[in-house]
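Participant: If you read the sequences in order, they're chains S and L.
Heads up: the first sequence at position 26 corresponds to 26 in this note's numbering, and the numbers run straight through without jumps.
Heads up: the second sequence at position 127 corresponds to 1127 in this note's numbering, and the numbers run straight through without jumps.
Hints are computed from structural coordinates only; laboratory data are not their basis.
Keep in mind that this is a model prediction, so the values were computed, not measured.
Check the hints yourself; a few may be wrong.
[To be verified] With a Cα cut of at most 25 Å, we get these calculated SDA-like pairs of lysine to any residue:
1) L/K1392 x S/I341
2) S/K319 x S/D41
3) S/K265 x L/E1393
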Amino acid sequence: MEFSFTEEQLMIRDTAESFLKEVSTSSAIRNAMESERGFNDNTWQRLCTEMGWQATHIPEEYGGFGLGYVELVIMLEQMGQYLFCSPFFSTVCLGANALLIAGSEAQKQRYLPQICEGSITATLAYTGSSGSWDANAVDATVSVKDNEYVLNGTYRYVPNGHTADVIIVAARNTDTSGQNGISLFVLDANTQGVSCEYLPTMDQTKKQAQIVLENVVVSEQALMGEYANAWPLLDKIINLATIATAAEQVGGAQQVLDLSVEYGKERVQFGRPIAGFQAVKHQAADMMLRTEVGRSAVYYAACVGQAVFDGDELAGELKEAASVAKSYCSDGYFKNAGDAIQLHGGVGFTWEYDVHLYFKRAKSSQVFLGNGAYHRERIASILLD
Amino acid sequence: MKLSFSEKDEAFRAEVAQWLNDNLVGEFAQLKFRGGPGDEHMFPEERKQWETKLAEGGWIGIAWPEEYGGRGCSIEQQVIFNEEYARAGAPGRVGHIGEGLTGPTLIAFGSEEQKQRYLPGIISGTDLWCQGYSEPGAGSDLSNVRTKAVFDEASGKWLITGQKVWTSLAHESDYVFVIARTDPGSKGHKGLGFFLLNMDQPGIEVRGIKQLTGTSEFNEVFFDNAECDAQDIVGQPGEGWAVAMGLLGFERGVSTLGQQMQFQNELDEVIVAAKANGSHQDPTIRQRIADAHIGLKIMRYNSLRMLSGNGDDGSLQKEALIYKLFWATWHRDLGELAMDVIGPEAEILTAAPYELTRMQALYLFVRSDTIYGGTNEIQRNIIAERGLGMPKEPRPNV
């Protein structure tokens, strides 16, 4: 029984932390979030070429490091903690995962080495205007014409969709619903008929886009997995991304706790640091509980995520582990971030202090890929139906 | 990270499961799933017999070193034992205070003579112990103990006078350990002693406390010049606090890690009830059942983390600080969920005057979980102070 990090994993965590402390300072975050692209190109290139993080869990045959999902989750936690603005999540946890899970050998050969080199970014689009996150979210359509596929539809809430070079899209046969009739395609963003529009968001540290496909014609080579039967693959990709999001949330939950404790030790009222008041201590204690409990859920889910790539028996727990982690971390991070504003008092309400950035990220990540209630209902359906 | 137990540990698991399967039969079959929260007062004699049965199998003191009759089991194996014990529905232990508290305390702090005298009775399941800590004026502020210990030169014995309260199973116990003030003018954690007393003596009177469950598991214990042999003070006079704190460390250690399986049994019962009466279709109930399931799953992951993170000294990590607050609150919420699942029928007793159903007993009893062994508020202080380095509470009486 080893439910703890290896020496190597601890080193990865420490390296990630020191790099992010250097590149994701408050002013760097603010510069990135105020731009429409949403990230600093130089920093992203340093990450890709000096650190190679985006290649972490991609197999060596495609130019990656061949490490595991646990290592990836370790980095994501740190990125969440330091509110790192980048297309990492969309490229690795959506794009690369989709290629690894659903891509043909040719598709992997074509795109994964470019991701490992840092020459392209990627994302996944599947949710239409319904704003749901399950199979019903897919409302773009696909039809077959002269051995080619014609795609139409509108996707919303696509992470970094306006800057991605490669987009994986889900579409369904017109007469289908639910999990039936869904197909996956990989497209270059500059394909004719694809338009990507930036959606300004309340959380400025994670950029979203609307993607419209208008009679986009693609060949057989763009099809991922089996035509009209790709839901099981898409489901896996979504669950893995859900775990990745929970990992970022735990990092954020830790950071707002750390900021609050630090502030409480410095801020003096009634002649003593407010960190000495029980009303403050008890809120901080609850924040630590939520963080540590969430962390346990995320690390477990990371092991389950790894099992998916290894074909291990534990992979059978993917849906449950993802929902346990995402429901707990979504609500835990949001509560922690709200409490952090409260514990900062007036300055927590200012634009100058960083707490509001975390509060906004907590909400955007809570909603993304299904909120706490959504994931609890998924668990309920396993237990009760 | 590796989430599976070793082959050796799995073999140990099979051994435990097999033994329980073979022995929780006949006269003991009626004890299955009994003696849990709100049910502690049931079948005391049969559960005492069960202790000796456990002892025959070598299942008492499995964490103790082999030289004291234990098995020297690893923390993983202790958890496995507790998991299998609860999975089999084996009854709530009446010997847990001796096994989990007195034994480890004597092994750590006791004299050779005390070990020889008391450990065999615990490991054989014949001697039951209770804990004399809390007093009417010393609850969360445990160091505010007023019970006095005076050494009587004439008889060569310590004479203990005072009152203890919330003493679990005192009415069934053979021995009690007591912290009492040896230095009359002292305050706080200074000037205390740690004493081992035989319960069967005229100077000790036990009165049951009728709880909100209508039953009496907890007691008041009155000491009126109760006698304690000179050699039965653990450590020196004045060192009792250090011994007591060492003991609380044992109390908050691994002994609670296996209880999730018992919680799982309870949650399963709630789910069965929900499916039976259709409340499993109610969206809010669905959310809460899912939430309970999520909490219990993560409780297990927390344990796995604590186990794997355990240091060379066998102590638990900083993360362990959150454990009591988390499980106690989870368990209290489960009680409320059970009632809401059952609906109006939850009000109806099994029988007059006050015979509770298992779910009612659970619901009422779990209110104590967030109070005993360090209230949620004390837990939050500990987390804030030790986990987050926030300023300590003022201690005006020290």
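Participant: Give a verdict on every hint.
Facilitator: Structure-based check of each hint:
no.	hint	verdict
1	L/K1392 x S/I341	holds (23 Å)
2	S/K319 x S/D41	violated (35 Å)
3	S/K265 x L/E1393	holds (14 Å)
Comparing the model with each numbered hint stated earlier shows that hint 2 is the single one that does not hold.
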